[in-house]
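Asks: Whole structure, please, built from the sequences with the hints as guidance.
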Amino acid sequence: MAIFNLNVNGKTQQIDVDPTTPMLWVLRDHLNLVGTKYGCGIASCGACTIHLDDTAMRSCILPISAVGNKSITTIEGLSENGDHPVQKAWLEHDVPQCGYCQAGQIMSAAALLKDNADPDDGAIESVMNGNICRCGTYVRIKAAVKTAAKTMK
Amino acid sequence: MTLIKTSFGRRTFIKSTALAGGGMMLGFSWLAACKPSGGGMLSLPKEWFKINGYLKIGENGLITIMSPNPEIGQNVKTSMPMIVAEELDVDWKNVLVEQAPLDISIFTRQLAGGSQSIRQGWPGLRMAGATARQMLKEAAAKAWNVPVEEITTEAGMLQHKTGGHSAGYGEMASAASQIKVPKEVKLKDIKDFKIIGTSRHNVDGLKIVTGKPLFGLDYKEEGMLIAMIAHPPAFGMKLKSFDDAEARSMPGIRDVFKIDVFANDYEVQWCDTLSFNELVVVVGNTTWEVMNAKKALKFEWEPIKPKKETINIFGSMVDVVTPTGPENSDEHTENMKSASLKPANVVRKDGDPVAIFKKAAQIIERSYTAPFLAHSTMEPMNFFANVTAEKADLTGPIQTPEFMEKSVSARLGLPLEKININMTRMGGGFGRRLYGHFLVEAAVISQKMKAPIKLIYTREDDMTCGIYRPAYHATYRAALDENKNLIAFHVKSGGIPESPLAANRFPAGAVDHYLAEDWSLPSNISIGAFRAPRSNFIAGAEQAFIDEVAEAMGKDPIDLRLELLAKAAANPVGKDNDYDAVRYAGVLKLVKEKSGWGTASDGVHRGVAAYFCHNTYVAQVLDIVMKDNTPVIKKVTNAVDCGIIINRIAATNLAEGGIVDGVGHSLYSAITIKNGVPQQNNFNTYRLIRHAEAPKEIEIHFVENEIDPTGLGEPINPPVIGALANALYKATGKRYYDQPFLVKQDLLG
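Heads up: the protein sequence lines correspond to chains U and H, in order. Going by the numbering used here, the letters in the first sequence line up with residues 1 to 153, in that order. Going by the numbering used here, the letters in the second sequence line up with residues 1 to 749, in that order.
Just so you know, these hints were derived from the structure itself, not from any lab. Incorrect hints may have been included.
[What the hints assert, rightly or not] Once the Cα atoms are required to be at most 20 Å apart in a straight line, the calculated SDA-like pairs of lysine to any residue come out as:
(1) Lys191(H) - Ile4(H)
(2) Lys11(U) - Gly68(U)
(3) Lys146(U) - Arg690(H)
(4) Lys298(H) - Asp255(H)
(5) Lys220(H) - Pro101(H)
(6) Lys207(H) - Ile42(U)
(7) Lys359(H) - Asp481(H)
(8) Lys696(H) - Asn7(U)
(9) Lys207(H) - Asn7(U)
(10) Lys696(H) - Gly122(U)
(11) Lys627(H) - Ser126(U)
(12) Lys161(H) - Glu150(H)
(13) Lys635(H) - Glu125(U)
(14) Lys555(H) - Thr599(H)
(15) Lys307(H) - Gly325(H)
(16) Lys88(U) - Leu206(H)
(17) Lys142(H) - Thr153(H)
(18) Lys594(H) - Val625(H)
(19) Lys212(H) - Leu31(U)
(20) Lys88(U) - Ser199(H)
(21) Lys295(H) - Gly68(U)
Replies: Here it is, written out as structure tokens:
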């Protein structure tokens with residue numbers, strides 16, 4: 001066990017945990033932030049996507065010991081009231097079916113729009129390709145990303 | 001105006017309202033309620049008055065409507081309350097929705113399966129709203145001393161025009177809760193619907209996009225421990241012994257032990273399917289610690305003995321044989337091919353197909369196959385259990401709470417009334433969570449630990465413990481005369497371990513000489529219902545075959561189907577044809593019009609298919625373009641007849657998802673078995689369709705009619721596999737018979 005000081009959603013958190021523990025389980029089991037989802041544990045589905053500084057990361061393979069001074073943003077910290085343009089676009093397009101993968105989709109989309117304010121279909125597909133939606137809401141996700149991009153301009 | 005009685009079946013409405021104890025104030029959890037999007041909603045009331053089991057009204061007019069059925073992403077949590085709200089005649093913005101408890105004395109069929117939630121819930125949901133509205137009117141009539149017939153309602157307001165009276169529902173809620181439940185009530189005319197048929201956003205939408213706890217995996221209680229299971233690595237094996245010395249010594253580990261999921265003498269029901277009855281359990285403080293300890297377990301496995309058991313499937317006892325192993329996919333393929341050449345069970349025969357095939361000028365014969373599939377719900381199997389000597393509290397994702405309550409009751413030796421199952425929102429179902437062995441496992445583990453526990457399956461546990469979509473094989477034959485008329489049709493299909501045959505579906509009824517046969521092969525690979533069971537294979541096979549028949553006959557594939565359907569409508573062959581040929585033709589005509597069928601476009605290759613299953617008619621045109629020698633699905637145009645649409649935006653979303661499901665699995669997905677071991681155990685080896693491969697555009701067109709609504713969860717994905725195969729043929733010149741159509745070998749293992 002080791003003590004780590006993390007910046008999660010703008011708050012400093014002290015956690016005493018095995019250094020190999022992936023951030024996914026630190027968030028879910030230790031910090032009670034369950035918006036970040038477990039889907040595969042091997043960075044193949046994207047359900048656990050968080051931001052490390054401004055970069056989208058799969059938290060299921062990111063050990064707490066590798067976080068360092070970087071700040072962590074989870075779906076709970078993306079906005080205060082669910083009013084990030086990506087979240088609003090998701091609501092406008094009524095994207096979710098079961099909803100389980102959508103936090104990861106939203107975190108990937110928000111990171112994409114930070115890098116590329118006006119992504120075309122190809123850019124959306126290539127960045128979002130790591131996020132599986134088993135319900136098949138892909139067409140709506142693409143439309144919602146475009147709507148968010150417009151409102152962020 | 002339709003009059004309906006306020007009781008139906010064995011569940012009487014009067015009983016359910018009497019249970020509520022009219023006028024009592026009820027506890028209310030703000031956290032459990034969902035606020036529909038849109039501003040201007042009333043604030044929370046001081047008091048709630050329960051009018052019946054489906055709804056309660058606050059003194060300020062806010063309404064809470066219970067959503068009775070499990071929510072797996074089909075959006076019933078929004079659409080079912082919309083039906084109640086419609087008949088109650090309230091403003092949707094003043095409606096809160098709560099997930100109902102499991103209570104079969106009040107609610108009808110609290111099950112997510114068969115695309116039946118809306119279809120079977122429809123009368124009860126309308127009755128619940130209409131009954132409450134009538135009771136509010138009677139309360140107002142009493143208060144104002146006017147005839148009840150003169151009272152009208154609108155958007156949560158009661159009015160007596162000539163007397164100049166008006167009141168909100170909230171003001172009359174207390175009095176209404178004391179009114180005797182009427183024996184029959186009037187339902188609204190369909191033309192007066194204000195909520196049904198509109199688009200209302202998912203009531204859980206805001207919680208989903210902000211990451212609030214909603215799913216079973218998110219559920220926590222004070223003092224809760226984490227549990228995981230280890231199961232045999234291969235079908236046909238069972239536990240012989242295990243060594244837990246290292247695992248027990250690891251940090252955070254509380255206990256390691258073996259459990260039997262069901263007792264030996266337990267009579268299993270249809271939803272008790274499981275692959276491995278003996279499991280090793282690791283219990284500890286946190287998920288990561290338990291995951292690591294599980295990896296430190298050492299096992300010895302041994303082959304199972306062949307067994308024969310009798311399963312209770314809705315009251316009929318069915319013998320199921322489980323052979324010993326190990327099994328292999330290569331052998332499955334060979335065995336299915338051999339079985340298809342042997343005599344089989346004749347399920348339906350019209351005319352004299354054998355004689356007609358003998359004298360045919362041309363016979364077209366094709367075979368189709370599909371592999372095992374894993375449901376791959378994004379939320380892996382899990383359940384919370386807190387079992388004490390007095391009761392069992394269980395919370396999590398389950399499609400069959402009513403049935404699993406019985407299984408748990410039998411296993412724990414607690415009566416049904418001591419079992420409390422709470423339904424969480426589910427991270428996907430697709431049929432997988434009809435089979436709730438994981439709920440029983442959680443209960444057994446909690447009982448043993450004398451503590452609240454949450455059982456979590458890893459993705460690998462989830463994907464390798466079976467309950468797969470069966471592997472299938474179908475052979476089709478068509479006989480043509482010298483003028484290229486279709487004179488006989490033959491389907492012979494089977495699978496491991498069940499046949500996908502639907503003998504009374506089209507083209508049965510449209511061909512004078514028709515033969516349908518089936519066969520099956522036993523296996524120790526466990527299987528279960530997978531979104532549109534059996535149809536998810538046979539529809540695509542049949543629709544691809546009809547495309548080849550049309551080509552051989554020199555006919556347009558839509559024209560051929562319409563000709564056959566016209567014959568089935570005017571002069572049906574045989575009995576028990578289970579489709580309405582006019583509605584069937586209706587979706588084909590609609591898709592023909594909406595897709596602009598027949599208008600050629602450069603580089604666009606089109607396939608068509610149509611099917612009827614789960615009470616809903618669907619036709620699709622799928623367009624492919626080739627890009628760098630790879631097929632890209634440019635557009636899928638759908639025509640759907642599911643009767644009255646409840647929630648337009650959600651219905652459209654669900655249909656879009658069905659398209660992606662159908663094309664995704666048929667292009668990419670397969671579970672293959674080697675020496676009993678599934679060769680795929682996670683999403684790096686089991687391919688699910690991803691963003692870049694999804695259709696670029698999907699159009700959903702609904703047939704507008706006033707027929708009672710049917711479901712949309714399952715009827716969409718079966719035919720699109722046929723439309724895809726037919727478009728692939730146009731694009732590549734090659735017919736596709738064996739699923740998955742693409743990446744057959746390169747991703748295995």
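Asks: For every hint, state whether the structure bears it out.
Replies: So, going through the hints one by one against the coordinates:
no.: 1; hint: Lys191(H) - Ile4(H); in the structure: holds, 18 Å
no.: 2; hint: Lys11(U) - Gly68(U); in the structure: holds, 15 Å
no.: 3; hint: Lys146(U) - Arg690(H); in the structure: holds, 18 Å
no.: 4; hint: Lys298(H) - Asp255(H); in the structure: holds, 15 Å
no.: 5; hint: Lys220(H) - Pro101(H); in the structure: holds, 18 Å
no.: 6; hint: Lys207(H) - Ile42(U); in the structure: violated, 26 Å
no.: 7; hint: Lys359(H) - Asp481(H); in the structure: holds, 8 Å
no.: 8; hint: Lys696(H) - Asn7(U); in the structure: violated, 39 Å
no.: 9; hint: Lys207(H) - Asn7(U); in the structure: violated, 24 Å
no.: 10; hint: Lys696(H) - Gly122(U); in the structure: holds, 11 Å
no.: 11; hint: Lys627(H) - Ser126(U); in the structure: holds, 16 Å
no.: 12; hint: Lys161(H) - Glu150(H); in the structure: holds, 8 Å
no.: 13; hint: Lys635(H) - Glu125(U); in the structure: holds, 16 Å
no.: 14; hint: Lys555(H) - Thr599(H); in the structure: holds, 16 Å
no.: 15; hint: Lys307(H) - Gly325(H); in the structure: holds, 12 Å
no.: 16; hint: Lys88(U) - Leu206(H); in the structure: holds, 9 Å
no.: 17; hint: Lys142(H) - Thr153(H); in the structure: holds, 15 Å
no.: 18; hint: Lys594(H) - Val625(H); in the structure: holds, 19 Å
no.: 19; hint: Lys212(H) - Leu31(U); in the structure: holds, 13 Å
no.: 20; hint: Lys88(U) - Ser199(H); in the structure: holds, 17 Å
no.: 21; hint: Lys295(H) - Gly68(U); in the structure: violated, 28 Å
Checked against the numbered hints above, the structure breaks hints 6, 8, 9, 21 and satisfies the rest.
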